[in-house]
Amino acid sequence: MTSTVAESFRDAVATSELLVTCGPGGVGKTTTAAALGVAAALAGRRVVVVTVDPARRLADALGLEVGAAADAPHRVTGIPGLSDSKSKKSRGASESGGELWALMLDAASTFDRLVHEQTANSKQAAAILENPVYRAISGSLAGAQEYMAIERLHQLYTSGEWDLVIVDTPPSRHAIDLLEAPDRLIGFLSHPVYRALTVGQRAFAKVTNAAASMFLWAVRRLAGPQIVEDTVEFFRSLANIEPGLRKRAKEVSVLLRSDVASFIVVSSPRAEAIGEAEHLIGALRDGSFPFAGVVVNLIHPMPEPLTAADRVALDDLDEGPLADQVAWHDELTELATAERDEIAGLADVAEDVIVVELPLLAVDVHDVDGLVGLAEQLAADA
Amino acid sequence: MAGPDWLTSTRVAVVAGKGGVGSSTVAAAYALAAAREGANVLFVAVDGRPGMGPLLGGRELDSNDRILRKVKGAGQVRGRTIPADQAFGDYMELKGVGGMLRRAASAASLPMIAAATPGLEHLLVLGKIKELERDRSADLIIVDAPPAGHAAPFLRSATGLSDVVQSGPVREQSVEVDEMLRDPARCQAMIVTLPEETPVTEALELGNELRGDIGLSLLPAVVNSCWPDRSGLDKTPAMAARSHKITLSATAKAALASSTDFGRARLERQRSQIERLGSGIGVPLVALPRLATPRLTLHHLGELADALVGPLIGDAS
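Listed in order, the protein sequences are those of chains A and B.
Those letters in the first sequence? Residues 1 to 382, by the numbering used here.
Those letters in the second sequence? Residues 1 to 317, by the numbering used here.
Since the hints were derived computationally from the structure, they do not count as laboratory data.
Beta carbons: idealized from backbone N, C-alpha and C, even for Gly.
Do not rely on the hints blindly, as some may be mistaken.
[What the hints assert, rightly or not] Covered by chain A, according to a simulated footprint, are these stretches of chain B (three or more residues, beta-carbon under 8 Å): (1) 15-29; (2) 229-235; (3) 240-250; (4) 254-265.
Could you put together the complete structure from these sequences and hints?
What follows is the structure in structure tokens.
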């Protein structure tokens, strides 16, 4: 009704190797990421979509279960035009050959995988993995979820198994969190206290560096003596994988700025969301990330206007159903107009990139058919 | 006019909801409604989202406790943020760590200590709120909890930390915060959601988490952004016109149908989702109107505050 697909992401889903969707919460970001995945699969590509916190029904539609089991890619079935089978022989002539897979990010198991990959042997890995401090922080270290989304993206991208990796990022008020995650990890590893604690292999009781002693003293003072030993142990074992982590953070940083990557900002027409989207676009540009475009979801339909003559006829109605309808018509018109002003402002900020506007659908998108419909709008023929 | 009992039934009200449901706005409307009843209200923004101070009629919030708005002949709304590093400094001071050492320790080590003690930043902030509550620094403290699924981890930091930390002041602090969260006279939570499928499902889950795991009592739950329930939309424009003894032109019929069809579908969904929430969440509901603007002002906040103290849906009494 009001969908005004000016341009589409048809080229982006057909040629990008990495797509990152980002934006505020509650704007249909995960649904958009999944629909872009459907569009790319229908274009014949082997796609994996990494979701962070999908709503239950969307997760069900993608065949994802809650928990660590969902961290491995699952084939999404039931998409018209795509084969459901792993066997190439069973593909019908009409099928595109594309495949859609999905997984739900589990920050803790991604971190575990990273530790295994970066340690020289299983004994070293176990020293880290069994440390109580590691076990407590691997899921909740500041920015861990953002960093792990990026880490998972790198793992999947370099595996060579996928034509396209789509990553849905955690909703971010501080939009640059995600983009800065690798740098922040490096910052953490460069912290003077961390350095002092991990230099040499002295027992923690002999730590002489002033800043480090103060740190240990503060931890002991605040959280009791037991945790101090675990903390020092953890930082020391982390030192074994530090060069690997640094190298990885650098690689990811380069990959995200290369021309195989595309960033898509998802928003709604509400002012707060638009404000966050504009901030995010600025951060992407400042950081030289390839910014492909904007999706504005959940736009209210603009009613057909009442003519001046009809207005006169509908003036001064007594209370009743028709008065309800006129009041509602005015209210919806006012909201739809204000939303279009907000979108125009966002389009100005976005300048020459693609802006796709999607209407508020009468039903939430939570099944494969809904995703296919959305995919068609996102990747319509220009 | 006296406000409803629940409005000032506790000293700390934590307002929580998933991202995008407008929980910060509802928290601000709650603060205004309580101030109109004469309460001295402190609005605490945990996440420091921009725009909340001006929405309440004052300056942008920072870590200084400032008056945002005085309600004539009634109470006032103050506002502040609680940055984790400041809460850390205050906490050190409280524990008798003074001067240079405190400044050095908090500047150099908070990120490190926080990394080693997950949930510590949240706990420090909750601990600060607990201090404010204990000192009776306001009649009502409204906490605008972190959004986007972080409300439960934020509140759970008190219990979660005890798994890692078995002694020391952090342990004490988490026990004390836990006590506050479990005492309905001191602290309750208000869940905010939208009349839509996914947000309602998430609100029901959040309700179980807050009550079950954390032991919080719940204030009435807020269904934000409800369309006014206009029964006239159930009819076609032609039918509606007949009951007004008017004949519509073809253009008027088409124009009204274009908005009525959409409105009818939205209203049907809204009714069924409100019913689903009401039967599952175990507390009465308050419906707040959807305002026909994407950009809220002080005036809109007043409308929301009026609606917040309106009749409860599903109130047994």
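Quick rundown of the hints versus the structure:
1. A count of 4 residues in the stretch 15-29 of chain B with a Cβ less than 8 Å from any Cβ of chain A is obtained; the coverage claim is therefore met, three being the minimum.
2. Residue count for the stretch 229-235 of chain B with a Cβ under 8 Å from a Cβ of chain A: 6. That meets the three needed, and the coverage hint holds.
3. By the rule of at least three residues with a Cβ nearer than 8 Å to a Cβ of chain A, the coverage given for the stretch 240-250 of chain B holds, with 7 such residues.
4. By the rule of at least three residues with a Cβ nearer than 8 Å to a Cβ of chain A, the coverage given for the stretch 254-265 of chain B holds, with 9 such residues.
The structure shown violates none of the earlier numbered hints.
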